[in-house]
Each structure stands twice: as structure tokens, then as C-alpha cells.
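Asks: So you can see what is in the structure, the chains are spelled out below.
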Amino acid sequence: MMIPRPATGTCAAAALAIGLAAAMVPQPAAAQAPPGMSAIDKSNPAASKQDTNLRPHPTPPTVTPLDKLPIDKLRLPAGFKAEVWSHGHPGARTMVRGDKGTIFMGTRLIGRVYAITEKDGKREVKVIVQGLTQPNGLAFKDGSLYVFAIHRVFRYDNIEDKLDNPGTPVELTDKFNLPPEIHHNWKYVAFGPDGKLYVQVGANCNICEINPGIHGQIRRYNADGSGMEIVARGVRNTVGFDWHPQTGELWFTDHGRDWAGNDGPEDELNVIAKGNEGAFFGFPYCHANGVPDPDIRIPNACAGVTLPAATTGPHAAGLGIKFYTGSMFPKEYQNVAFIARRGSWNREQKFGYDVITARTDGAKATLTPFMTGLLDEKANEFHGRPTYLFQMADGSLLVSDEQNGAIYRITYSGK
Amino acid sequence: MLSCWWRPLVLGLAAAAFCADATLAQTTEERIKLCGACHGEDGNSRMPNIPSLAGQPEFFLVHQLILFREGVRKVAGMNELLKGLKDDDLIALAKHFTALTPKPSEEQADPALVKRGEALIEPMRCVSCHLPSLDGQEQMPRLAKQRIDYLIHALKQFRDNARSGADTLMSAVVIGVSDDDLAALAHYAASR
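Residue numbers (the numbering used here), protein chains in the order written: chain A, 1 to 415; chain B, 1001 to 1192.
Isolated chain A (complex conformation):
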């Protein structure tokens, strides 16, 4: 189904097109830079000394055929295996599971939400919603699928009973009242152990003075959008978080700024320690492990800033994080976080494109490579981009690959 579209009939379409055309007429100069919005990006091209041709890599909106998936390139520690679990769903990113076993998948540019069901050991993929703006934020609770598309929020009740016709969702956009700016505002959302819905609001720029009352936050809400609280501030753009199974503390990945050099500032893995709710994580003044911003300078830039548990590499783009609690992997993986790194664009020598583990110790973490092989360092080319992780009931781990529109399943047999 399509989410509310401006036109249904062909002649209504024509009428609307005329309306659009009217809107195209040049308007007299209006007031610029709405209040609360950041000014233009403050990065300094000359100072960063990076190749000015660096640019984001395109994400194919079309299907990657099964025989072109890079499954043979994946490298894992001894005893682990990877297989293609599902494919043919371009833009594969976030994954949540319904109570009845459906895996729902969110995307960015292609605007779809997929439902993946299992039948006779095979996966069936359906597009259940399309036409949304970057529906990356998915959460599931009490039979309902929550879909966050930038600032628009929809709830599909009893969704697993009507995958073929999800019907009209309950729109919660006004309740959540999220900012409409799109940059760094594709959402990551998840229900916490406290039953609250945690929602990211990124900085709407690469590097700029944001309005700290609006952007650069992690918030939590009641499921109906009421009772908003800010749990982290000064967060440039987290698009993945999870709660430590033992401490209950929230751990989140965060992307460092671009155009300040190939080697940094590095991305971050952060923790909101007990009693530190609402802490300030430094953006835009202080990055990584205490690096003052080169373009927005203030005295004592890192004073009062909660520094990361670990830095996770330059431009590596750590996205999904999942603490492992399954019984399939060896004991040493219990309560260890897996992190998918989508890989760099703003770096001459490419970096990331893998899954790493983070072993946490209090408010610190040690990182180790886990799933590699998608980056060909010699050729400076990549073959896939891991984005999110999901632990199945049997303890196997799903990894989504946005570049190839596929999900890989990682199992452990010890052989």
C-alpha cells in the first residue's frame, strides 16, 4: 500500500500538478534561515586537506541478483559460518521481529518497509508500506509496528494478521512532534527495558551550531508520544543503540563529523551511565576522545563532555549495535556487543564495511573485528555495507547489507 499520497485519480493528479506549478513561481525574497535552524555548514574545505572528490557512495535502488551477493567474501572467526538468509529487498537496513515471527525491515531512500516471513524454510518478502521518506525507524510492541519516517510517525496495529493489506495506520506525528529537517534525521528507535520508546534526533548538518533544544539528542517517549524526556545531548548522529543486558545502561554508536581530515575525528561508542541521563556528549565542540572541533572553536571545548567508551574508527559509520544474549555462540560472546560499520565515504582510503565486537567493562569497551572481507583494501573498493544486526531466537545473528539488499545469517557450530 501507499502512504497518504497527494493524488489518486488521473485528473486529480493534473489539478495538483497545476497547483505545484503555481508554487514554482519565483517568490520575492523571504526571511532566510528560520529561527532555530543551523546556519550553513562550518567545515573548511581548504584546511581539511582531503580529496575534494570524496562523496557518498550510491545505494542501488534495484535488486542485486543472488549470484552477485558477496557471501563468499565474508570472513569470520573459526567455527562461524555465514549464509544468505534473504535477498531481493533493496535498501535493507533496520530489522525488528513481530511476536509471530515476521521480520520487519526499514529502509532509507527507497522509502519502503518490508515484511519477511518464513515458509517451509524459505523466506518470502513483501513490501507492506511504500512512499515514505526514509522509514529507518522501526519498533514493535503489543502487536503493533511503529514506523518513524523522519518526523512522521505511524502505528500499524495487529500488523502480522494483515501483511497483505496493512490498512490505514494510526498517525502519531503530532504527538511526537519531531523536527521536520531531514538531514541526519532518518530515525533509529527502540523500546527500552523501561517500556519507553527511545528516539534519535540528529544534527541537521555536518558541523554547525545546532539548536540544542531540538537537535543532537536521544529522547524517550511513552509509546503514545507523550512524556518526552531528553536522555542524551550533543550527539551528532546516532543511528543505533541497545541496552546492556546486565546493567540496563543505554549504549549507542555515533558518527563523527566529515571534512576535518581522513583520520578523524573518529566515530564513537558511548554509554549513558546510571545517573548520567541527560549528559552532554560534545557536539559540535568536542569530538571523539576529546578532540576540539577545528572549525567551531570555543574555550575548554571538552569541559563537561561525556567522552566515549571507545572510538570506533575514522568515518567508519557504526550503525546497528546488539548485545548478544543467545545460546548458540560460545560463552565468551555473552553480553558482548556486535556493531555493524557501514563504511566510510569521507576518507581517501576506505575504512569499515564490517562487523566488530565491543567487550564492555564499566564505561569502557575493547573492540575486535568479527565479520570482515567486504573491504578490498588493496583495490580500495567495497563489496557490501553492513548496517544492522538482529539476534534470532536460536541465537544466530542476522546482518543486513544495504548495498546489496540482503540479509546474511551467522551461525556457530564450532566446526
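In short, the hints are calculated from the structure, not lab data.
Some hints could be false.
Cross-link-like lysine-lysine pairs, in silico, DSSO-like; alpha carbons within 27 Å at most [unchecked claim]:
1) 122/A to 73/A
2) 1083/B to 126/A
3) 1086/B to 122/A
4) 1086/B to 119/A
5) 42/A to 1115/B
6) 196/A to 175/A
7) 1033/B to 1074/B
8) 1033/B to 68/A
9) 81/A to 415/A
10) 126/A to 1074/B
11) 162/A to 100/A
12) 350/A to 49/A
13) 68/A to 1095/B
Some chain B residues flagged as far from chain A (calculated, every beta-carbon gap over 10 Å) [what the hints assert, rightly or not]:
14) 1037
15) 1055
16) 1072
17) 1095
18) 1099
19) 1101
20) 1108
21) 1109
22) 1119
23) 1135
24) 1144
Estimated spans, in silico, between C-beta atoms of each pair [as the list claims (entries may be wrong)]:
25) 192/A to 1099/B: 32 to 40 Å
26) 84/A to 1112/B: 56 to 64 Å
27) 1103/B to 58/A: 20 to 28 Å
28) 372/A to 1029/B: 43 to 51 Å
29) 245/A to 1028/B: 51 to 59 Å
30) 56/A to 1120/B: 40 to 48 Å
31) 192/A to 1112/B: 55 to 63 Å
32) 56/A to 1118/B: 21 to 29 Å
33) 224/A to 1138/B: 39 to 47 Å
For each residue, glycine too, the CB sits at the ideal point set by N, CA and C.
Start from chain A and add chain B according to the hints.
Replies: Relative to the frame of chain A, chain B by itself:
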């Protein structure tokens, strides 16, 4: 089934709007004709606010066509026309328009604005994505020889958060940029 073309005058600007039954165009050749009615038979638009497609990067065209088909990028006429087409149909259209030669439109670039636009190109990092030639690449469109009025329209949509399915980086780049500077960028880019 009706296939009607309207070319109403709206505030002095000709705006193309149509209610066409896309099923009437069954083949790629027929679809190309339908596209050409607005975007120019040779892919160079002569209609105000309608973009030229000639010489656009193939990836860019495929991507945008898919976004139109899916209803992510909302332009009513385009959404209707592309409904139900397969990826391969869209790829065929993209290949056709990519291969055509871009030509400048009939609009007159203002030399003062061109000069001002040139000065903005470096600090705004336009060429990182769109190339020094502004020919575009991959998912990033050609700006050179595009229509000035369309470029202004598109830049304002990016700035004002009025373009659904827009590239988010592009929106961030033009946040807070004045109408005059957007016009300067458009005049410069179109003149390349």
C-alpha cells in the same frame, strides 16, 4: 481511455500537467515519446520548470524514476505516469536519456549572477559530488546546461524542506542560503 495534455498558463509561466493513462504507452519507444512531450524530444526541455534529462547520469535517472514510481518523490503527474512500471522499464528509459546530448536552454544567464555563483561553488563544495564540469555522476545529477528556472525551483525545494524523498546531504548544504545566492548558483551551473 483518455489521454489529455494540458498546458495551462499559470501566472505567465507555462506549466505542463497531464492526465495520461500510462498504460497507453506499452513500449519503451511509446514511453520515450510521452516523456519527450514535456522534457523535450531530444531530452532538452523547452518548458519552464521542467528539467532536461539529456546526458543525466544513468544511476541518477534510474534512482529518481524509482522514487517517483514508489511515491517517495511526489510530483503528481510523474507518480501517475510511472505507476506499475518494472525496474527494467525504468532502466530502459534512463539509458535512452543518458545517451542524449545536453544543450543549453533558451534562457539568458545573467553575467553578474554567473560570477557570483562561481564564487559560491568552492565554499559550498558543489563539485565534490557534481564534478568540476558539473556533469554529475552516479546518484548526483548533471547541473551543467540544466534549465535555470528548474535549478532555482529545485534548490529552493531542498532549502525549504519541500522536496519529499530528497537527498538529505543536499538539503543540509543549502540550509539558510538566500534566494539570491540560490539564483546565482543556478545561473552559474546552467551556463557550464
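Asks: Take the hints in turn and mark each one as holding or not.
Replies: Here is what the structure says about each hint:
{"no.": "1", "hint": "122/A to 73/A", "result": "23 Å, holds"}
{"no.": "2", "hint": "1083/B to 126/A", "result": "18 Å, holds"}
{"no.": "3", "hint": "1086/B to 122/A", "result": "24 Å, holds"}
{"no.": "4", "hint": "1086/B to 119/A", "result": "26 Å, holds"}
{"no.": "5", "hint": "42/A to 1115/B", "result": "23 Å, holds"}
{"no.": "6", "hint": "196/A to 175/A", "result": "14 Å, holds"}
{"no.": "7", "hint": "1033/B to 1074/B", "result": "22 Å, holds"}
{"no.": "8", "hint": "1033/B to 68/A", "result": "34 Å, violated"}
{"no.": "9", "hint": "81/A to 415/A", "result": "9 Å, holds"}
{"no.": "10", "hint": "126/A to 1074/B", "result": "22 Å, holds"}
{"no.": "11", "hint": "162/A to 100/A", "result": "12 Å, holds"}
{"no.": "12", "hint": "350/A to 49/A", "result": "16 Å, holds"}
{"no.": "13", "hint": "68/A to 1095/B", "result": "22 Å, holds"}
{"no.": "14", "hint": "1037", "result": "14 Å, holds"}
{"no.": "15", "hint": "1055", "result": "18 Å, holds"}
{"no.": "16", "hint": "1072", "result": "4 Å, violated"}
{"no.": "17", "hint": "1095", "result": "13 Å, holds"}
{"no.": "18", "hint": "1099", "result": "19 Å, holds"}
{"no.": "19", "hint": "1101", "result": "24 Å, holds"}
{"no.": "20", "hint": "1108", "result": "15 Å, holds"}
{"no.": "21", "hint": "1109", "result": "16 Å, holds"}
{"no.": "22", "hint": "1119", "result": "14 Å, holds"}
{"no.": "23", "hint": "1135", "result": "13 Å, holds"}
{"no.": "24", "hint": "1144", "result": "17 Å, holds"}
{"no.": "25", "hint": "192/A to 1099/B: 32 to 40 Å", "result": "53 Å, violated"}
{"no.": "26", "hint": "84/A to 1112/B: 56 to 64 Å", "result": "58 Å, holds"}
{"no.": "27", "hint": "1103/B to 58/A: 20 to 28 Å", "result": "26 Å, holds"}
{"no.": "28", "hint": "372/A to 1029/B: 43 to 51 Å", "result": "48 Å, holds"}
{"no.": "29", "hint": "245/A to 1028/B: 51 to 59 Å", "result": "55 Å, holds"}
{"no.": "30", "hint": "56/A to 1120/B: 40 to 48 Å", "result": "21 Å, violated"}
{"no.": "31", "hint": "192/A to 1112/B: 55 to 63 Å", "result": "56 Å, holds"}
{"no.": "32", "hint": "56/A to 1118/B: 21 to 29 Å", "result": "25 Å, holds"}
{"no.": "33", "hint": "224/A to 1138/B: 39 to 47 Å", "result": "42 Å, holds"}
Taken one by one, the earlier hints fail for this structure at numbers 8, 16, 25, 30, listed in ascending order.
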